[in-house]
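2 protein chains.
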Amino acid sequence: MAMMLVNGAPAESISVTDRGLAYGDGVFRTLRAVNGQPLHWSRHYAKLHGDCAVLGIPCPIESIMLSEIQSAASGHAHAAVKVMVTRGSSPRGYAPPQACVPTRIVIVEPRALLPRHSGGIPVHLCRLRLAHQPALAGVKHLNRLENVLARAEWCDPAIAEGLLLDQDGFVIGGTMSNLFIVEAGVLVTPDLSRCGVMGVTRARVIDLAREAGVTSRIEHFPLQRLLGADEAFLVNSLIGLWPIAQLADRTWRPGALTQRVGRWLDAEDATRN
Amino acid sequence: MAMMLVNGAPAESISVTDRGLAYGDGVFRTLRAVNGQPLHWSRHYAKLHGDCAVLGIPCPIESIMLSEIQSAASGHAHAAVKVMVTRGSSPRGYAPPQACVPTRIVIVEPRALLPRHSGGIPVHLCRLRLAHQPALAGVKHLNRLENVLARAEWCDPAIAEGLLLDQDGFVIGGTMSNLFIVEAGVLVTPDLSRCGVMGVTRARVIDLAREAGVTSRIEHFPLQRLLGADEAFLVNSLIGLWPIAQLADRTWRPGALTQRVGRWLDAEDATRN
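Chains A and B, in that order, give the protein sequences. Sequential numbering of the first sequence, starting at 1, is according to our numbering. Sequential numbering of the second sequence, starting at 1, is according to our numbering.
Worth flagging that the hints you see were computed from the coordinates, not collected in a lab. Some clues are possibly wrong.
Stretch-level coverage of chain B by chain A, calculated; a stretch enters the list once three of its residues show a Cβ under 8 Å from a Cβ in chain A [stated by the list, open to error]:
id, segment
1, 9-21
2, 90-97
3, 113-123
4, 139-150
5, 181-191
6, 196-205
Where is the CB? At the ideal position from N, CA and C, for every residue including glycine.
Hey, can you work out the whole structure from these sequences and the hints?
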């Protein structure tokens, strides 16, 4: 059973006048907790704070969010944590209220670890193309209909993820994950300045690569370049790393750098437990 | 005090697991009710149904929605009605549930009529540019962060509306209204096949113009063409029609065709009461 807190109190509902519902006027995070402690919390809070700032929502203070997550996750070896912060309720209309009282929501689901898929996964190539909206690009906000429509394109449970291109045909990432490709020992991840979500695990991979002396680049690139890459993998905070085994007619076996990045992430997770 | 119904029962909250909150996975309508009867209900329900179909959400049947609105609006001479339909709750993740149980929400606010602004209103030219997403264009869905960010650009209460352009600089409409311009006796309204919301009052104006023998066209056009137009006005289901009096350096006086369209709308409202 999931444990839910709304503004710190056990509750399973929010007001129908909340702007999170009315307009998707809020942001969220999904992360793992191990033995009641959220992994990579500082990064997640910094991202939550930054995303709130883009929308002009006052972010709840860190110690409150952390203690609520710890409280909801306590007693569970492994849990998936979802945190939402909305602009709260307001009178009808798009205008943000001048005195905004944000709503904070914590949902904790006890769970086993997700499958590792260390042999790689087949990936669906989504027909939906992401729109360019620089004012919201990178932000994990609650306007996620593009992701919903893209994820609705397939129902084969063997396909764990779908790849999204933008309206110009550039690769952006998975519906719920960030993408890296490997070219001659260099990591390349899509430029998300026009659309997509900049995840915490993407930032961790870039930092871990720097520490290991592996070059990483952020670039716009088309599908053909992904299909020609030596390796390709997807990351997010819940799944960790999934190698891509198949996309369109291209197949890959998990490559050396992909496996190395997976070990970096695992090692860092272990030290943060 | 607002009257609220969730799935037909008096309630002021929805589940925090509702996909309307999680992803903005739903649609909405805003309309007027007079003496407990929603105005132009057939058009509003058809639009609600069509918008649900775009998202693959089973639309609640018409008689249920209508009776809930009538119930919530009864006893009020004038009311603003908001109807939301979401895809309901689901386990975590973007994948729409195969057995979807939509959530329907009716919020009725008793109110006086909105100001007529028959002399016209000053309009803010929004800096935010709307993204092109043909898969969602025209639909009044719950992903409205672009509208929120645009509306947050000004707080002068004398400015009742803002004008939105798309990423290519074409005119789309107001943050909460549709736009018409008048050129030599012809009505022109923006093509909304790439972004924007196709409102019910916009459709009514097009139909009423046809009945009156006035030509109307749906076209992509840039800001310069709006600034050069003989007349310009905004419409939606709550405000009716507001002439534009000022935008950037251009000023207008309410024109003859603008006033004529306003009379068409008023006359049709009166017969539907």
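Evaluation of the provided hints:
Only residues whose C-beta sits within less than 8 Å of a C-beta in chain A count toward coverage, and the segment 9-21 of chain B has 11 of them, enough to reach three; the restraint holds. Given as covered by chain A, the segment 90-97 of chain B passes the check, having 5 residues with a CB less than 8 Å from a CB of that chain where 3 are the minimum. Check on the segment 113-123 of chain B: 0 of its residues sit with their Cβ under 8 Å from a Cβ of chain A, so the three-residue criterion for coverage is violated. With a threshold of 8 Å between beta carbons, the proposed coverage of the segment 139-150 of chain B by chain A holds, since 10 of its residues qualify and at least three are required.
Here the segment 181-191 of chain B counts 0 residues with a CB under 8 Å from a CB of chain A, which misses the bar of 3, and the coverage is violated. Check result for the segment 196-205 of chain B against chain A: violated, 0 residues qualifying (beta carbon to beta carbon below 8 Å, three or more required).
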